[in-house]
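A.B. asks: Put chain S on the given structure of chain A with help from the hints.
Chains A and S, in that order, give the protein sequences.
According to numbering that gives the first Met the number 0, the residues represented by the first sequence are 0 to 209, in order.
According to numbering that gives the first Met the number 0, the residues represented by the second sequence are 0 to 391, in order.
Calculated from the structure, these hints are not laboratory results.
Bear in mind the structure is a predicted one, so any value in this text is a computation, not a measurement.
Just so you know, even glycine gets a beta-carbon here, dropped at the ideal spot from N, CA and C.
Just to be clear, a hint being listed does not mean it is correct.
What the hints assert, rightly or not - Pulled from the structure, derived: some chain S residues nowhere near chain A, Cβ distances all over 10 Å:
#1 L15
#2 G46
#3 N354
What the hints assert, rightly or not - Quick look at which bits of chain A chain S covers, simulated, 3 or more residues with Cβ under 8 Å:
#4 46-52
#5 66-74
#6 85-92
#7 104-116
Claimed, not checked - List of simulated lysine to aspartate or glutamate pairs, DMTMM-like, C-alpha gap at most 25 Å:
#8 K86(A) / E171(A)
#9 K96(S) / E84(S)
#10 K86(A) / E206(A)
#11 K86(A) / E390(S)
#12 K86(A) / E288(S)
#13 K86(A) / E287(S)
#14 K86(S) / D117(S)
#15 K86(A) / E126(A)
#16 K59(S) / E84(S)
#17 K86(A) / D383(S)
#18 K155(S) / D188(S)
#19 K86(S) / E137(S)
Residues per chain are reported as follows:
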Amino acid sequence: MLSLKRVRHRYGGREALSVEEFHAAPGEHWLVLGPSGCGKTTLLHILAGLLRPTEGEVEVGGQSLAVLSGAALDRWRGRTLGIVPQKLHLLASLSLLQNLQLAQFLAGAPVDDRRAREVLAQVQLGERGGARPAELSHGEAQRAAVARAAVNRPQVLIADEPTSNLDDANCERALELLQTQARECGATLVVATHDRRARVRFAHVLELAR
Amino acid sequence: MTLAGISFAYLRSRPLAVALNLLLLALGVATITVLMLSTAQLEERMGRDARGIDLVAGAKGSPMQLVLSAVFHLDAPTGNIPLAEAKALAKQRVVKKAIPLALGDSYRGFRIVGSSHDYPAHYGARVAEGRLWSAPMEATLGAEVATRTRLAPGAKFAGAHGLGEGGEEHESEPYQVVGVLAPTGTVLDRLVLTSIESVWEVHEHGAPAGAAREITALLIQYASPLAAATLPRMVNATSSLQAASPAYESARLFRMIGVGVDLLRALGAILMLAAGLSVFIALWNALEERRYDLAVMRMLGATPGRLMRLMLLEGCALAFAGGIAGIALGHVLTEALGVALRQTQQTAVTGWAWNWNEAWLLAASLAVGAIAALVPALRAYRSDVAPVLAEG
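Isolated chain A, as found in the complex (with noise of 0.2 Å):
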């Protein structure tokens, strides 16, 4: 499913991401565990299109990333991944509902509302659907993120730093909710993070050294 081949990514002349060879399996779970400043970030974008790494390859579900060009990347990106990033990022001017639908509409899918009051309410906000992030609680606006990341059935799930600023009891949750989130889409699951709390539910873990 996910792919990397000697992977370096550089920034200026600092090398900041070294992957010799990575392989997932569809529908794996795998943890991306390292200190700050180890590429983790990196690791996620390349694995996104975000960002095309200094050299090797990216295949994700087959597709080499390579070939792909820049607007095809970003339509590829959006029918194929969900991404939960670290700042959340929901649309302040947009209602949660309206959040779901702008993903499935960027995505090029039809926009469904069953669909998305049914995300909604797989993440216990079937009731908030017409609020705006601002109005949320940071728990409320990290399972939003995670339904608006799951809302087109991505192959792809990823999470970047999910647990930080989390306590334990809620850290548990949000690494539950994007398991659970996964397997109902039958997606692939990478989570990044620095957590070592986060460790005893991934049985696949990719350590990265800074």
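C.D. replies: Same frame as chain A, but now just chain S:
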């Protein structure tokens, strides 16, 4: 959820900036609309009033004053001319039609014009009620005069000396209304028509019988275009009369008001440009606040082209709304101006008329919006996503 829906959501999320942009653009467009409507209507109205009148002959003085007084009935006459000379001129072979006018009095601000039946016939006027004047001291009213003064056939009124209100009234010689004309959309609507003899009768108390009779002006239509080359020069050189061309004088008048109109038009354009600048600054600032949103949209699968269209759409939507609001405001202001002018018994403008140039105005405001949005749109197009999303 459409691109337009997203634009709208963004516009709604910053109502103050949007209101300011709309206001600026609407004011600019409204200024230009008012000018466009009023000058177009004025020109059309004056064109209709002067149609078929090739030359005006009257007392020497300012040719523009002669045209303004005899054709448009806006200014005071330059004086009177001997009837005999006018008659001689009317008999010239190159003259097809000559309509005599005798001015001097008014009724409640409406001019009383002594003339022949050729005068209403020239404008194709129809009698709506009663008949045209025949005996001296009979009067037929223009449509607007009848509406505003509520005089009907059978009523009597006394003319006042002079063309403004408040002149000395000729109470001993009252006029009798015998008819009312249907509206013509020309200066005729604002005139009280009577015979030339009536005007003489009112003004010549005690004048010796057979004294040289006078009229105010002669409206002339040429028999052939060739007359334009000879007749004016002949009149000016060989008689005590002066000849003036309505076409030439009104063109001259428009050139003179044109400076003021151009100035106001430039002001409107400056307002529109300021609005464009304000839209630009608003979008630029919004872009700064929105870099995360734009990056997220890219993350969700939006192509750079789509983000660019989103920004352009927003600028154009704003400009379109401002343009429509401005044109509507312009019409309302023009109508308000028209109502104010109507109080002065002058040529009125109306806001309930359309001008095809307004489509250009709308296109111009759209262009302002698109140009203002272009640079922010290009920046949205070029922005790099990963660094923005990676920011802590």
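A.B. asks: For each hint, tell me whether it holds in the structure or not.
C.D. replies: Here is how each hint holds up against the structure:
1. The non-interface label for L15(S) is consistent with chain A: the shortest C-beta to C-beta separation is roughly 14 Å, beyond 10 Å.
2. No Cβ of chain A approaches the Cβ of G46(S) within 10 Å, the least distance being about 53 Å, so the stated non-interface status holds.
3. Consistency note on N354(S): stated as away from chain A, and its beta-carbon is indeed over 10 Å from all of that chain's, at 38 Å minimum.
4. Counting residues of the region 46-52 of chain A whose CB lies closer than 8 Å to any CB of chain S gives 3, which reaches the minimum of 3, so the coverage claim holds.
5. As drawn, the region 66-74 of chain A meets chain S at 4 residues by the rule of a beta-carbon pair under 8 Å; at three or more, the given contact holds.
6. Three residues within the 8 Å Cβ limit are the bar, and the region 85-92 of chain A against chain S gives 6, so the coverage statement holds.
7. Against chain S, the region 104-116 of chain A contributes 5 residues with a C-beta closer than 8 Å to a partner C-beta. That satisfies the three-residue criterion, and the hint holds.
8. Only pairs whose Cα atoms come within 25 Å are accepted, and K86(A) paired with E171(A) is accepted, the gap being roughly 19 Å.
9. Distance hint between K96(S) and E84(S) is fulfilled; the C-alpha atoms sit about 16 Å from each other, no more than 25 Å.
10. For a cut-off of 25 Å, the pair hint linking K86(A) to E206(A) stands: about 23 Å separates their Cα positions.
11. For the proposed pair K86(A) and E390(S), the alpha carbon gap of about 9 Å is at most 25 Å, so the pair holds.
12. Distance restraint check for K86(A) and E288(S): the Cα-Cα separation of roughly 15 Å lies within the 25 Å cut-off, and the hinted pair is therefore satisfied.
13. The straight-line distance between the Cα atoms of K86(A) and E287(S) is roughly 17 Å, inside the 25 Å bound, and the hint therefore holds.
14. At most 25 Å may separate the alpha-carbon atoms for a hinted pair to count; K86(S) and D117(S) meet this at roughly 15 Å.
15. About 23 Å separates the Cα atoms of K86(A) and E126(A), which keeps this hinted pair within 25 Å; it holds.
16. Restraint check for K59(S) and E84(S): satisfied, since their Cα atoms lie roughly 13 Å apart, inside the 25 Å limit.
17. Restraint check for K86(A) and D383(S): satisfied, since their Cα atoms lie roughly 17 Å apart, inside the 25 Å limit.
18. A hinted pair counts as satisfied when its Cα atoms are at most 25 Å apart, and K155(S) with D188(S) qualifies at roughly 19 Å.
19. Simply put, K86(S) and E137(S) have alpha-carbon atoms about 24 Å apart, close enough for the 25 Å limit, and the pair holds.
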